[in-house]
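6 protein chains.
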Amino acid sequence: MRGIADERAGLAEKGRSGSFANAQDKPASLQRCGVKVELGRRYRFSASHRLHTSRLSDEENRRVFGKCNNPFGHGHNYVLEIRLSGEIDESTGMIANLTDLDAFVEREVIDALDCKSLNEDVAVFRNVVPTTENLCIEIFERLKRFPGARLERVRIQETSNNGFEYAGE
Amino acid sequence: MRGIADERAGLAEKGRSGSFANAQDKPASLQRCGVKVELGRRYRFSASHRLHTSRLSDEENRRVFGKCNNPFGHGHNYVLEIRLSGEIDESTGMIANLTDLDAFVEREVIDALDCKSLNEDVAVFRNVVPTTENLCIEIFERLKRFPGARLERVRIQETSNNGFEYAGE
Amino acid sequence: MRGIADERAGLAEKGRSGSFANAQDKPASLQRCGVKVELGRRYRFSASHRLHTSRLSDEENRRVFGKCNNPFGHGHNYVLEIRLSGEIDESTGMIANLTDLDAFVEREVIDALDCKSLNEDVAVFRNVVPTTENLCIEIFERLKRFPGARLERVRIQETSNNGFEYAGE
Amino acid sequence: MRGIADERAGLAEKGRSGSFANAQDKPASLQRCGVKVELGRRYRFSASHRLHTSRLSDEENRRVFGKCNNPFGHGHNYVLEIRLSGEIDESTGMIANLTDLDAFVEREVIDALDCKSLNEDVAVFRNVVPTTENLCIEIFERLKRFPGARLERVRIQETSNNGFEYAGE
Amino acid sequence: MRGIADERAGLAEKGRSGSFANAQDKPASLQRCGVKVELGRRYRFSASHRLHTSRLSDEENRRVFGKCNNPFGHGHNYVLEIRLSGEIDESTGMIANLTDLDAFVEREVIDALDCKSLNEDVAVFRNVVPTTENLCIEIFERLKRFPGARLERVRIQETSNNGFEYAGE
Amino acid sequence: MRGIADERAGLAEKGRSGSFANAQDKPASLQRCGVKVELGRRYRFSASHRLHTSRLSDEENRRVFGKCNNPFGHGHNYVLEIRLSGEIDESTGMIANLTDLDAFVEREVIDALDCKSLNEDVAVFRNVVPTTENLCIEIFERLKRFPGARLERVRIQETSNNGFEYAGE
Chain A
217 MRGIADERAG
227 LAEKGRSGSF
237 ANAQDKPASL
247 QRCGVKVELG
257 RRYRFSASHR
267 LHTSRLSDEE
277 NRRVFGKCNN
287 PFGHGHNYVL
297 EIRLSGEIDE
307 STGMIANLTD
317 LDAFVEREVI
327 DALDCKSLNE
337 DVAVFRNVVP
347 TTENLCIEIF
357 ERLKRFPGAR
367 LERVRIQETS
377 NNGFEYAGE
Chain B
217 MRGIADERAG
227 LAEKGRSGSF
237 ANAQDKPASL
247 QRCGVKVELG
257 RRYRFSASHR
267 LHTSRLSDEE
277 NRRVFGKCNN
287 PFGHGHNYVL
297 EIRLSGEIDE
307 STGMIANLTD
317 LDAFVEREVI
327 DALDCKSLNE
337 DVAVFRNVVP
347 TTENLCIEIF
357 ERLKRFPGAR
367 LERVRIQETS
377 NNGFEYAGE
Chain C
217 MRGIADERAG
227 LAEKGRSGSF
237 ANAQDKPASL
247 QRCGVKVELG
257 RRYRFSASHR
267 LHTSRLSDEE
277 NRRVFGKCNN
287 PFGHGHNYVL
297 EIRLSGEIDE
307 STGMIANLTD
317 LDAFVEREVI
327 DALDCKSLNE
337 DVAVFRNVVP
347 TTENLCIEIF
357 ERLKRFPGAR
367 LERVRIQETS
377 NNGFEYAGE
Chain D
217 MRGIADERAG
227 LAEKGRSGSF
237 ANAQDKPASL
247 QRCGVKVELG
257 RRYRFSASHR
267 LHTSRLSDEE
277 NRRVFGKCNN
287 PFGHGHNYVL
297 EIRLSGEIDE
307 STGMIANLTD
317 LDAFVEREVI
327 DALDCKSLNE
337 DVAVFRNVVP
347 TTENLCIEIF
357 ERLKRFPGAR
367 LERVRIQETS
377 NNGFEYAGE
Chain E
217 MRGIADERAG
227 LAEKGRSGSF
237 ANAQDKPASL
247 QRCGVKVELG
257 RRYRFSASHR
267 LHTSRLSDEE
277 NRRVFGKCNN
287 PFGHGHNYVL
297 EIRLSGEIDE
307 STGMIANLTD
317 LDAFVEREVI
327 DALDCKSLNE
337 DVAVFRNVVP
347 TTENLCIEIF
357 ERLKRFPGAR
367 LERVRIQETS
377 NNGFEYAGE
Chain F
217 MRGIADERAG
227 LAEKGRSGSF
237 ANAQDKPASL
247 QRCGVKVELG
257 RRYRFSASHR
267 LHTSRLSDEE
277 NRRVFGKCNN
287 PFGHGHNYVL
297 EIRLSGEIDE
307 STGMIANLTD
317 LDAFVEREVI
327 DALDCKSLNE
337 DVAVFRNVVP
347 TTENLCIEIF
357 ERLKRFPGAR
367 LERVRIQETS
377 NNGFEYAGE
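As they're listed, the protein sequences go chains A, B, C, D, E and F.
Quick note on numbering: the first sequence equals residues 217 to 385 in the numbering used here.
Quick note on numbering: the second sequence equals residues 217 to 385 in the numbering used here.
Quick note on numbering: the third sequence equals residues 217 to 385 in the numbering used here.
Quick note on numbering: the fourth sequence equals residues 217 to 385 in the numbering used here.
Quick note on numbering: the fifth sequence equals residues 217 to 385 in the numbering used here.
Quick note on numbering: the sixth sequence equals residues 217 to 385 in the numbering used here.
Where hints are given, some of them may not hold.
[Claimed, not checked] For lysine-lysine, the following DSBU-like pairs were computed, each having C-alpha atoms within a straight-line distance of at most 30 angstroms:
1. E:LYS283 - D:LYS283
2. E:LYS252 - A:LYS252
3. B:LYS360 - A:LYS283
4. B:LYS252 - A:LYS283
5. D:LYS360 - E:LYS283
6. B:LYS360 - A:LYS360
7. D:LYS360 - C:LYS252
8. E:LYS360 - F:LYS283
9. A:LYS283 - F:LYS283
10. F:LYS252 - E:LYS360
11. D:LYS252 - B:LYS360
12. A:LYS252 - A:LYS360
13. F:LYS360 - F:LYS283
14. D:LYS283 - C:LYS252
15. C:LYS360 - F:LYS283
16. D:LYS252 - C:LYS360
17. D:LYS283 - D:LYS360
18. E:LYS360 - E:LYS283
19. C:LYS252 - B:LYS360
20. F:LYS252 - A:LYS283
21. E:LYS283 - A:LYS360
22. E:LYS283 - B:LYS283
23. B:LYS360 - B:LYS252
24. E:LYS360 - A:LYS283
25. C:LYS252 - C:LYS360
26. B:LYS252 - C:LYS252
27. C:LYS283 - B:LYS252
28. E:LYS252 - F:LYS360
[Claimed, not checked] Label-pair distances were calculated between CB atoms; the ranges are:
29. D:ASP316 - E:ARG361: 51 to 57 angstroms
30. A:ASP274 - C:ILE326: 41 to 47 angstroms
31. A:ASP274 - B:GLU322: 44 to 50 angstroms
Keep in mind that the hints were calculated from the coordinates and are not lab data.
By construction, the Cβ of each residue, glycine as well, lies at the ideal position given by its N, Cα and C atoms.
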């Protein structure tokens, strides 16, 4: 009495459909063991920064960084997309539990950067120019030990036109 | 020998189609005099701000503004949409020349706010909290004398979830 | 045994909850008669145009329309949003059937404009400059007789920064 | 020694600049009393629904609702935008505290609708077809008593092409 | 009398410009043989699902899947992007005919999934948890035999923050 | 007296934190030498095109290109995203100066294509069908000699559903 609209189930081609009748007995054969999938998840935070380095003269700073060298800084709505890869868990059908991932990212990144001044509130940027290139690396380092899946890449969209991506060394 | 794909031209209903044969002679009759259209145009700028007022105690400031009261500020990519209305010019088919409008907005708003700290670089916000509500009003005041069309509303999208709109008094 | 997660049903406040027990008998009392809602629906089409008018000299055309006066034209992905209002039908809970609306817009607008040159393929624009202001009016005229609901406004987003809106006369 | 980039502060035109020298003494005069601004805030939730009414025959249900009458339902990522208006508070520069608003919407709407079946989990939709028109009204009723500002409109984007808006009676 | 605005045509660098004079005779030399390009095309469908597996206890299901374990399900607007690679056809300048591709995707994927319950209406998901990870694989399997180009990857955006990607085994 | 909210600075793990005390003396050790980051930057232009080739009969052209073979052409808002990779400069924290990049892209691509007819105004497309596949290659060739970083890929989004990507040979 079920309404199965769909007779061409592609997954069946992988040898899983033969066991439909007794699927409850050995569901593992229906799952994809060792299949690698990539997850992308977006987070958003707002922060301010000033591009300036003590390694250059004031004149050089103005020439290189232009308006971004403004002494009082400016800011962005950063959109962070992290990409993780992993094998699909047989039982859950997931490569990572998003609840765990969100808690990890919240603690390691969002709490530290959201509504902050990168130059003043984040230790490493007191000695490193807080360009979005450097911010990608900083965030990659903070997230690479996430236990649930392998961190592949960090991408930060700084404005609607500008994005940066870092995939580790 | 032309490929007119379209026989149901709606504009014809407004009394313009009768003059198609000699359209070159009196094109004015084909234009819509006094028809009001609204134009919306978006601009983008990045700035930092700190929400804090000397009218409240430090404790109250923290309670009211939360993370946005962070002493070193934070920032946003503001998306400004201005709405203007006007009658369509008979010759040009436009209500305002976008080249003129862009130059006006650039001079009055973008130059003053892009890559700036609202609190430190914009005079009025030394005495007024630079919330996006107040920023809408400030921008409306700066743009309301645009000579080419009537400014109807200013809308600022502060984040992907937050927007504010001001339509004058 | 049903899982009603939600005890604060706002609609109940409008006098409908009292009849829950015998809802099958008089469902009409549960519907909102005469409540006006607005529907916005988006359509997309791609077309080319050239901004030029025989009412101006070539020199004036170049000055007024700038790059858009390029003799061979250029084009856009236009995003059309139409807004319709109506009362919610007691039985269907809808103000208009989208299947009917889509067929109407397809026939009156999309077939005539998609993958077309506005100047060459659309009769009215042989005598009227195909600005997006004028395109709004043309589309409003074509759609205003949709029988299922009242056409309130036509909005066309020409680029990610530029939009125009026409609400009839 | 401050870098005031901006000499044309528009707000000054409203009679506030004269008091810049002693702004600390009477900041109230610098604020805009009684100025009305509109706030739009977006929330997102995912839910399933089935369009079906006992007032129509099965055949009529299929004809009117098409694929949306599928017996097992389907679902959407609903984007809710609520619009509120209010006067700017002199001290805070805000029309409503977003922390309060978020808590209210979370409790009244998101908790009740996110990851739910509208037909099965939300009481009112056991007797009312869960179209997005009706969902707008339901949400308006739940939110209209927000104490901090006046609820003007509720808009729900059902898909990237479809949106509905309700402004109360 | 033609307006060739552009003298720096990059394609000319690839040895094609020498034959401009007699391009009609041997246009093949002007095309890029064997040049590989990737096409990404988006499709949208709305479906409901419930995350639940008989391999776990009810308590474990609730813990692992949280709100997504809701007995009556919920739903999403899924955005599917498929990436295909191929060599540019000399005559048509295309790697695949989008009309053919659309018909294939419509038949294999959209008809089967749009406005459906993944758990109830799609055979494979009666034995496999309908996570978006598994949905990527299912769609990849259904599309990998498209004759016109090589399927590289399937990406599904489940919400504005969540996406999954599968590139085959 | 500074408010360093953040004690878990990930960059410190890379051997840079030990030198914080005398950071002014050897800041180079704090920078990431030889770390490769990818930059994506978007540009937008509007152009018209007609898909037609003299290598096919008129009948074949209509069959292959469908509506896109319309004699008078149509157009798009093309969104160009270019991806460049490079090592982060020790002093500036950047892989390329966006001011330089923008000037290069403006001169080589935007000036030549914006508000143009690809078929009529761009030399190479008088002999090559101006599909977006071919447009990707043309733009890649024009940009690959940018001196500041390595051009990895060119992606053009033709409509909200269609994109093409070329990574060189």
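Check your understanding: Is the straight-line distance between the alpha-carbon of LYS252 of chain E and that of LYS360 of chain F 30 angstroms or less?
Key -> holds (17 angstroms)
Check your understanding: Does LYS283 of chain E pair with LYS283 of chain D here, judged by a C-alpha cut-off of 30 angstroms?
Key -> Satisfied, since the Cα-Cα distance of roughly 26 angstroms is no more than 30 angstroms.
**Study point:** Straight-line alpha-carbon gap LYS252 of chain B to LYS252 of chain C, limit 30 angstroms
**Key:** holds (25 angstroms)
Point to revise | Pairwise hint evaluation, LYS360 of chain A against LYS252 of chain A, where the allowed Cα distance is 30 angstroms at most | key: holds (18 angstroms)
Point to revise | Holds or violated: LYS360 of chain E to LYS283 of chain A, with C-alpha atoms at most 30 angstroms apart | key: violated (49 angstroms)
Point to revise | Pair hint LYS360 of chain E and LYS283 of chain E, alpha-carbon separation not exceeding 30 angstroms | key: violated (33 angstroms)
Point to revise | Given hint LYS283 of chain F paired with LYS360 of chain E - CA-CA distance at most 30 angstroms | key: The given pair, whose Cα atoms are some 28 angstroms apart, holds under the 30 angstroms limit.
**Study point:** Pairwise hint evaluation, LYS283 of chain E against LYS360 of chain D, where the allowed Cα distance is 30 angstroms at most
**Key:** Since the Cα atoms of LYS360 of chain D and LYS283 of chain E sit roughly 27 angstroms apart, the hinted pair holds (cutoff 30 angstroms).
Practice item. Starting from the range 44 to 50 angstroms, see whether the pair ASP274 of chain A and GLU322 of chain B falls in it by beta-carbon distance. Key: Since ASP274 of chain A and GLU322 of chain B have Cβ atoms about 26 angstroms apart, the given range 44 to 50 angstroms is violated.
Point to revise | Holds or violated: LYS360 of chain C to LYS283 of chain F, with C-alpha atoms at most 30 angstroms apart | key: holds (27 angstroms)
Exercise for review: Starting from LYS360 of chain D, check that the Cα of LYS252 of chain C is at most 30 angstroms away, please.
Suggested key: At roughly 17 angstroms apart (the allowed maximum being 30 angstroms), LYS252 of chain C and LYS360 of chain D satisfy the hint.
Point to revise | Pair hint LYS252 of chain D and LYS360 of chain C, alpha-carbon separation not exceeding 30 angstroms | key: The hint is violated at about 34 angstroms.
In terms of the numbered hints stated before, the structure departs from hints 4, 6, 9, 10, 13, 16, 17, 18, 19, 24, 30, 31, listed from lowest to highest.
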